[in-house]
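Peer 1: Given next are the chains, with one letter for each unit.
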Amino acid sequence: MASLAAVSASPALTVSGLGKSYGDVRAVDGLSFQVEPGEVFALLGPNGAGKSTTVEILEGHRSRDAGTVEVLGHDPEAASSAFRDRIGIVLQEVGIERELTVREALVHYGACYSRRRPVDEVLELVGLAGLGDRRTHRLSGGQKRRIDLALGIIGDPDVLFLDEPTTGFDPSARRQAWEMVDGLRSLGTTIVLTSHYMDEVQALADRVLVIAGGRAVAEGTPDELRGSMDRETAIRARFPLEADGTVDALLGGLAGRATVRGDRLELRTEQPTADLHRLTEWALERGLELDDLEVVRPTLEDVYLDLVGDDTGADGEDGSGG
Amino acid sequence: MAAVAEHTGTDRVPSPLGQMVRQISYQNRVFRRVPISAFFTLAFPLMFLLLFGAIFDEVSIGGGLEVDAAQFYAPGLAVFTAASATYTNIGISTAIARDEGILRRIRSTPLPRWCYLGGVVGSGVCIAVFGVALMLAVGAAVYGVDVEPDRIAPAAVTMVVGSAAFAMLGLALAAVVPSGQSSPALAQATMLPMAFVSDVFVPLGDDPARWLVVAGDVLPLKAFVKAFFTAFDPYHTGSAWEPWLLLRIGLWGVLGAVVAARRFRWEPSVGTGGGGSRGRRSGGTGSQLGQSTD
Numbered sequence: 001m002a003s004l005a006a007v008s009a010s011p012a013l014t015v016s017g018l019g020k021s022y023g024d025v026r027a028v029d030g031l032s033f034q035v036e037p038g039e040v041f042a043l044l045g046p047n048g049a050g051k052s053t054t055v056e057i058l059e060g061h062r063s064r065d066a067g068t069v070e071v072l073g074h075d076p077e078a079a080s081s082a083f084r085d086r087i088g089i090v091l092q093e094v095g096i097e098r099e100l101t102v103r104e105a106l107v108h109y110g111a112c113y114s115r116r117r118p119v120d121e122v123l124e125l126v127g128l129a130g131l132g133d134r135r136t137h138r139l140s141g142g143q144k145r146r147i148d149l150a151l152g153i154i155g156d157p158d159v160l161f162l163d164e165p166t167t168g169f170d171p172s173a174r175r176q177a178w179e180m181v182d183g184l185r186s187l188g189t190t191i192v193l194t195s196h197y198m199d200e201v202q203a204l205a206d207r208v209l210v211i212a213g214g215r216a217v218a219e220g221t222p223d224e225l226r227g228s229m230d231r232e233t234a235i236r237a238r239f240p241l242e243a244d245g246t247v248d249a250l251l252g253g254l255a256g257r258a259t260v261r262g263d264r265l266e267l268r269t270e271q272p273t274a275d276l277h278r279l280t281e282w283a284l285e286r287g288l289e290l291d292d293l294e295v296v297r298p299t300l301e302d303v304y305l306d307l308v309g310d311d312t313g314a315d316g317e318d319g320s321g322g
Numbered sequence: 001m002a003a004v005a006e007h008t009g010t011d012r013v014p015s016p017l018g019q020m021v022r023q024i025s026y027q028n029r030v031f032r033r034v035p036i037s038a039f040f041t042l043a044f045p046l047m048f049l050l051l052f053g054a055i056f057d058e059v060s061i062g063g064g065l066e067v068d069a070a071q072f073y074a075p076g077l078a079v080f081t082a083a084s085a086t087y088t089n090i091g092i093s094t095a096i097a098r099d100e101g102i103l104r105r106i107r108s109t110p111l112p113r114w115c116y117l118g119g120v121v122g123s124g125v126c127i128a129v130f131g132v133a134l135m136l137a138v139g140a141a142v143y144g145v146d147v148e149p150d151r152i153a154p155a156a157v158t159m160v161v162g163s164a165a166f167a168m169l170g171l172a173l174a175a176v177v178p179s180g181q182s183s184p185a186l187a188q189a190t191m192l193p194m195a196f197v198s199d200v201f202v203p204l205g206d207d208p209a210r211w212l213v214v215a216g217d218v219l220p221l222k223a224f225v226k227a228f229f230t231a232f233d234p235y236h237t238g239s240a241w242e243p244w245l246l247l248r249i250g251l252w253g254v255l256g257a258v259v260a261a262r263r264f265r266w267e268p269s270v271g272t273g274g275g276g277s278r279g280r281r282s283g284g285t286g287s288q289l290g291q292s293t294d
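Residue numbers (my numbering), protein chains in the order written: chain A, 1 to 322; chain B, 1 to 294.
No lab work stands behind these hints: they were computed from the structure. Each hint should be verified, as a subset may be incorrect.
[What the hints assert, rightly or not] Some chain A residues flagged as far from chain B (calculated, every beta-carbon gap over 12 Å): (1) Gly17; (2) Gly30; (3) Leu131; (4) Ser140; (5) Gly142; (6) Ala216; (7) Val217; (8) Ala218; (9) Gly220; (10) Gly262; (11) Gln271; (12) Leu276.
[What the hints assert, rightly or not] According to the in silico footprint, chain B covers these stretches of chain A (three or more CB under 8 Å from chain B): (13) 85–99; (14) 108–120.
No residue lacks a Cβ here, since even glycine has one placed at the ideal position from N, Cα and C.
The shape of chain A in the complex, shown without the other chains (with noise of 0.2 Å):
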């Protein structure tokens, strides 16, 4: 339903060469994309990566240095009550009054939109029901955290974002939000989320932005990103490096990309059964053990390492040939 939706709307939101700098830090250096009206959306990236930052600019919270942006046809600098009062935001590090009961909260805060969702079904939908007439600091940790989701979605917003919406959530809690963004999403709510979870990216986004010093590094749908390094298996082997520079020539004979990091070999190539042949040949020559030797095919989360890996390694002897 989604690319239905998105054949005849415009774009939910469009974002051309954004920048933002922190003193010397770039924090976001020219992002561009668009989210489609109806689409789950995700920026995935480490902590640092410049998702937050994206996702206040988008909101309205924080401005920005460079780029054009345009949400549901309004630039959120401006910030105007009319663009407020069509989004929904889970901030993260957001408080809420002690004191309030949650229906209270809830009722207190839909009041400042000009639509609302009713408050027991938004209580049902978090998985707060039964809850709604306890004092908010009674509440634990995740309890609090469905309390952002359920402000959030309380105005029925067209475009909602979530900033880490499961940080701090067990596993069930987890798994009951992203049924949650599901239910959302069936009703053809607009979602842009952060997160540095693999699998919920995978479970909960139609496309996704993978973003590292806050430079786009991959999009796709979650199975093309997989999809496009699923053909590469993983070699990896420790052994003594020699000083003489043989391992070059083992390097150069290879099909795949290799990477040596100290004593440790890592191989990613499409001929694993030719390269684990030409590896281990070279290793019987010289009378090597090859140690930890292992064939790996890389999950989705080596692929998002690998891809956002150059950006934040510390590692600064990577070697590479082939």
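Take the given structure of chain A and dock chain B to it, following the hints.
Peer 2: Quick look at chain B alone, frame taken from chain A:
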């Protein structure tokens, strides 16, 4: 608990005035549910009244008339109550609400910002008026504090104008104070000395140091005390309206509003709980990713 109205599924653009009334009643409700702030704002000044009542005797005002000393100090304590309920209370609670990320949440809703701030000021005035009424009721019942019927209107108007001005100054305090933790110290460090030079507790003696008088005349509290006291002053004859004093108080209110408008922050300052993705959740990426499977 007040009944809560549920506007389920309706499409109705909330009117700004309705929003503001709602904000006032919400702030009042939050205030009622924090016993400690209710104690310091309402019960603490009452304690002063009872202490003063035990210390001071009746005062002769000439012509064979004697009035209780409370007639002189109760209005000053009432103004102190009003200033505590607004300036001190708003300055502290708003800074704490910012630290806790409550202002951050409010800013993400379509509620116009002035509606929220107007709700804070309006609620401050409500609480101030309630506290003053409570103090004067106790003063009247126990110590015979008295006000002429034709002076009730000037006293009420002075109280509302003064409370609103001090509420704005409270917003200004919240705007300039770095964190909720430091706000009580700054609130008391400004409020208490001001109270001593403003004839709140005891009048300055016959020949006070010049700077004490000047400080009192410049700062807003003495004008508030004088204007309010006029309605209770047994020596005063004629109208109890004090337009020039009200103007002075009002100008301080405008100053507070200007400072608040220019400096008010909705986001917690770095290190007090806010701070985006680089905050307290950093450093867990690797292990969290470990949950994914292929």
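Peer 1: Confirm or reject each hint.
Peer 2: Hint by hint, here is what the structure shows:
no.: 1; hint: Gly17; in the structure: holds, 21 Å
no.: 2; hint: Gly30; in the structure: holds, 18 Å
no.: 3; hint: Leu131; in the structure: holds, 15 Å
no.: 4; hint: Ser140; in the structure: holds, 17 Å
no.: 5; hint: Gly142; in the structure: holds, 15 Å
no.: 6; hint: Ala216; in the structure: holds, 17 Å
no.: 7; hint: Val217; in the structure: holds, 15 Å
no.: 8; hint: Ala218; in the structure: holds, 16 Å
no.: 9; hint: Gly220; in the structure: holds, 17 Å
no.: 10; hint: Gly262; in the structure: holds, 18 Å
no.: 11; hint: Gln271; in the structure: holds, 20 Å
no.: 12; hint: Leu276; in the structure: holds, 20 Å
no.: 13; hint: 85–99; in the structure: holds (count 10)
no.: 14; hint: 108–120; in the structure: holds (count 12)
Hint check: no violations occur; every hint is consistent with the structure.
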